[in-house]
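Novice: Under the working numbering, think of the first position of the sequence shown as 30, with each following residue one higher.
Watch out, some of these pointers could steer you wrong.
[To be verified] Simulated restraints, written as ranges between beta carbons of each label pair: (1) Ser-125 with Asp-97: 20 to 28 Å; (2) Thr-124 with Trp-88: 17 to 25 Å; (3) Arg-94 with Asp-69: 37 to 45 Å; (4) Val-68 with Pro-136: 39 to 47 Å.
No lab work stands behind these hints, which were simulated from the structure alone. Since this is a predicted model, take the numbers as computed values, not measurements. Yeah, the Cβ is synthetic: ideal placement off N, Cα and C, and Gly gets one too.
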Amino acid sequence: MSTICQPCSKLVINLLNQYLAFCSPFAFFIYFHINVQIVDPGGISNYSVTHVDWSEGKWHPRSYRAADITYELLRNITYFNEIVHIASDETRTVTSTPCILNGRKRPCFLFARKFYPDAVNNLLKLFPSYTSA
30 MSTICQPCSK LVINLLNQYL AFCSPFAFFI YFHINVQIVD PGGISNYSVT
80 HVDWSEGKWH PRSYRAADIT YELLRNITYF NEIVHIASDE TRTVTSTPCI
130 LNGRKRPCFL FARKFYPDAV NNLLKLFPSY TSA
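Please put together the full structure from these sequences, using the hints given.
Specialist: Structure, rendered in structure tokens:
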């Protein structure tokens, strides 16, 4: 999920029509983000608002189970104010980019993904106390 400017939204509509003619809609969000970044780097946010845990180094990000759901997990997810990327090649180069919105450093993540179904009840129990803190 990204934030884009109005002219870029027109580009996304055109890209969507072309993309759907030849490709599966599954990965469109990646396709349009890359294309908008190429056409107008200033017209799209420099980060995703969705937290994904790639720390396991696998093909897919980590999925959270019910036992993983804690107040600290939610606090940590919303605490990030920079994105750290570790290259997947042999150099393992680390780059760090602050999350900037309208020229100000902001928290990076508003959402998280990859929760197993058994985590839902724990999330629902914890969410009211987290949002009121």
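Novice: Holds or violated: 37 to 45 Å for the Cβ distance of Arg-94 and Asp-69?
Specialist: Between Arg-94 and Asp-69, where Cβ atoms are some 40 Å apart, the hint holds.
Novice: Determine whether the Cβ-Cβ distance between Val-68 and Pro-136 falls within the hinted range of 39 to 47 Å.
Specialist: violated (27 Å)
Novice: Between the beta carbons of Thr-124 and Trp-88, is the distance compatible with 17 to 25 Å?
Specialist: Holds, at about 21 Å.
Novice: Look at the Cβ atoms of Ser-125 and Asp-97 and judge whether their distance stays inside 20 to 28 Å.
Specialist: holds (25 Å)
The structure fails to meet hint 4 from the earlier list, while all remaining hints are met.
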